[in-house]
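Peer 1: Those protein sequences? They're chains A and B, same order as listed.
Residues in the first sequence are numbered consecutively from 1, following the UniProt record's numbering.
Residues in the second sequence are numbered consecutively from 1, following the UniProt record's numbering.
Derived by calculation from the structure, the hints in this document are not laboratory data.
Take the hints with a grain of salt, since some may be wrong.
[Said to hold, decoys possible] One side of the interface only, derived from the structure: several residues of chain A facing chain B at Cβ under 10 Å:
1) I7
2) F113
3) H115
4) Y119
5) I165
6) T167
7) L191
8) K192
9) D195
10) L203
11) I207
12) S319
13) Q353
14) I376
15) A383
16) I393
Note that beta-carbon positions come from the ideal geometry of N, C-alpha and C, so glycine has one too.
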Amino acid sequence: MEKVLNIILQYSDTKEERKQLKNYLDKIDEQLTNFIGQLDLVMKQLPITKYSLGYMYLLAAKASLKRFQNPELILMQIQTFLLQCDPSQVSMSIDKFFFLCRRFVTISIREKFSHGAVYPLKIAIEKIGRSGELTPTHAYFLQACLASQNFSAALPIIESDVFEIDTKHTKIKIKDVLLYFYYGGMIYTGLKKYDEATYYFELAVTIPADTLSSIMLEAYRRYLLTSILSTGKAPLIPQNTSMSIQGMLKKVSKPYEEFVEAFRSMDIERVGICISTYMEVYEKDKTFGLVKLVRDNLVRRKIQRLTKTYITLSLEYVSQQLNMNSTQEAEFYLLDMIEQGEVFATIDQKEGQISFHADPEPYDSVRVSLELNNKIQEVIGLAKNLDLLDEKISTNSNFIHKMVIKELQGGGNKTEEND
Amino acid sequence: MSQENKIEIEKEIEIEIDKENEKTIEIEKEGSGEESKGEEENEKKTEKEKEKEKEKEGEEKKKGPTKEQLEQIKKKVQEREAANEPKFIKGVDFSSFDIEDYIEGYQGHTRMDRLLFIAQRSEIHQQKALKMFIEEVKKTRNIQKYRKIVEKYSDVLQDEKTLDQKWIDKTLKDSASTYDILETNLKKAKENVNQEGIRDGNVQLGHFYFGKGDLKSALKYYSRAKEATGDPIEIVNCCLAAIKTAMEGKSYSHISSYLNAAQKKSEDLELETNGILRTINGFLSLTSREFKTAAHQFIHAPGKKVFEYPEIFTSLDIGIYGGFLSLATFNRRELKRNILDNEYFKNYLELVPEMRDIIYNFYESNYAAFVEGLEKIKPQLLLDQYLSSHVERLYIRIREKAIIQYFSPYLTLDMKKMATDFGTTLELIEIEVSNLIAEDKLAGKIDQKNKILYGTRINKRSQTFQEVLSFGKDYRRKTRALLLRANLIQNKMTVKRPRKKLMMGGENMNFMNMQLLNLMRGFN
């Protein structure tokens, strides 16, 4: 170990040296685990920022253990490391870094310390990877947020629309991508933003796939549920789901498909029956909460339908139509909906009448025009991205090669763009 | 109409459609003999069936029916036959319907078919219709049909209960000898290479089999006759004979193909038969529920000529079908242009003054008279073989149109008055109107307390903003998803089958792979 320490101390100054250091460390990596006892000592002697690369290897070796006598210590160590490490050094051995983050999350969840993992991981994200680029740490970060129920911490990250993927740079795996969107959807669900949640689940489901992954399956099930919650309509399987798995998804999610069907029929009783039939499944999948929310939603949907057709309505009529037990229940729902802004109405308690109003949004304020402007800018940006992508593909030598062959074989009528 | 009624009606309509399928299979069984029934039944069934059965039979077709499968199919058909016996139409008073009046205009086999239909649908007319049916069937050589109906309805028939064995024997002898003569004629014509003779011989044999009820053979001979001649008029005639046969057998694909052939030949010629061909076109649209197209086709079918083809449809039919279908599908402008201002069609509409009155009342907004007339004509429409299964559905549509038209000039409307004008109660009209609003067919809102219907003027501006915002959001999402997928594919990242050696580190991955493997096993 002395030898290792010295080498680290010596070879950490210039870029060249660090490269050599990295190669060396890679070679002896496996042996490091033999010196577990001494690792702490060695690490204490290395200031983190200056010697991030070496420190990381040592720390990772320690973290690869299954059990710890002193879990708090390792967690502290990783935490400090993440906060203080030098990005340029660390990015030289990026899979080690991700490994470290992964272990960090796993251990902290096990030790019920996930809330402490949130901030360090966020810093980790910022240190590695360009903005907008998806890294495995994103997934771990979201996992920590979920485990600690700290949803709002995750918001700035997921709202920044991370969509770029570069395996060479980040060595990201498909599982991390899946997890990112799945967790993202869960976080939005926790924040009751069902629209965005549906979007993220949909993204998870439409990832190109040859075979079914359990993450995708869970995402699909929640997709169905959150889709109903946000639009009130029963959803179809996302259009761009890989063909090979469409059938499989549906087959395995029968309790949910049936539930969706029951919802589509707008029949409260039928929904109730479906829930009681499959209650065990929902509980096992931990989707029971969502399911109950959806059932609740059905009542609201029905009330909303009424707003479309009536200007005034009696509370009694509402409670009758919706098979409620009393007018109080109807009133309760309505109050809630009015507060949430799902319905525009006033209740005349004396008469037991409800009067509905039209949506008072006049769309003529500064706020609206600003919003529109922003959105337009976004769209222009996206369109530019698309153009870039298109150009990249059409100038790709493989693609041009294929096109030429096609045309030579006859019947070619595509236009080629040669740049 | 209340919600429950509607659902029941839908069910009845389904039953109607099934009945027609059952009929198809019946006739096929009678007609054919040696041919493999399995294949044929598959063909006939898939025309109008629900999807489940299509899949099952699609599979069976691919493998080719084995003996056991044929047995199974026969059993299935028999079960369905038993379950879908043509039922009487309930809840309608058919006493105003006069069979003899109705059947007068028709000739040939269609008399028989229509009478049987009436017998099966109208309880009070059953006996008379059956008697008349037996008269008609005896004019043909269709022994099987005669037997079958007599046996089936033996408890209803009184005098005719016993089979007229004399007629049966005579017909058998007659058929045999006629057949011999026709065969010989055809042979001779073939030997002499007499094209006209060949055609005629085939046509005669076609008529022969048609009369016997062997529809498949009839079609065969008509088709041969068609091939044997180049004269367009003769070709069209052969096609028409084939169409008649196919209509009796309810084989829509045949009807369609012969119709196409006939129309191609007679495209530029001003033939007498163009009218009936166009009418058949309308009929096909009707059966595939393209009501608006059918309306147009029926109205323009006769053209400037007089319409003459009582073996399938009469001119009254043109008036009824055309009028009824346009009432259900045209808006006011179309109604005016195609019916009220249409010189030629007016003549046909005059033949059915009740229909004419209904249309005029609708146009002039005499809703009370309109509703009354509509109810009055219902029995007649329900007993028409081809229209019956669509009547309820179209009635709902017509009523909806009337309500929408009724409300259109108003900003506010008292629903009580509306109810009386439409001959229904306040509750029922409220349900009808609320359904229309929910389906976006009526722009209005109900004030339940005062029972007033308010018209809403939609705020276009607000609507536009909403649409734009939502479209923009949609676009952004779709594009992002696209970019993501493109990125993934570019980086060659997809969800792949896990390799046996679990290479990726971390406990989670092991667990995940096990789950994946289990899932795979579950499917295979």
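Peer 1: Taking the numbered hints from earlier one at a time, note which ones the structure violates and give those numbers from smallest to largest.
Peer 2: Structure breaks hints 1, 2, 3, 4, 7, 8, 12.
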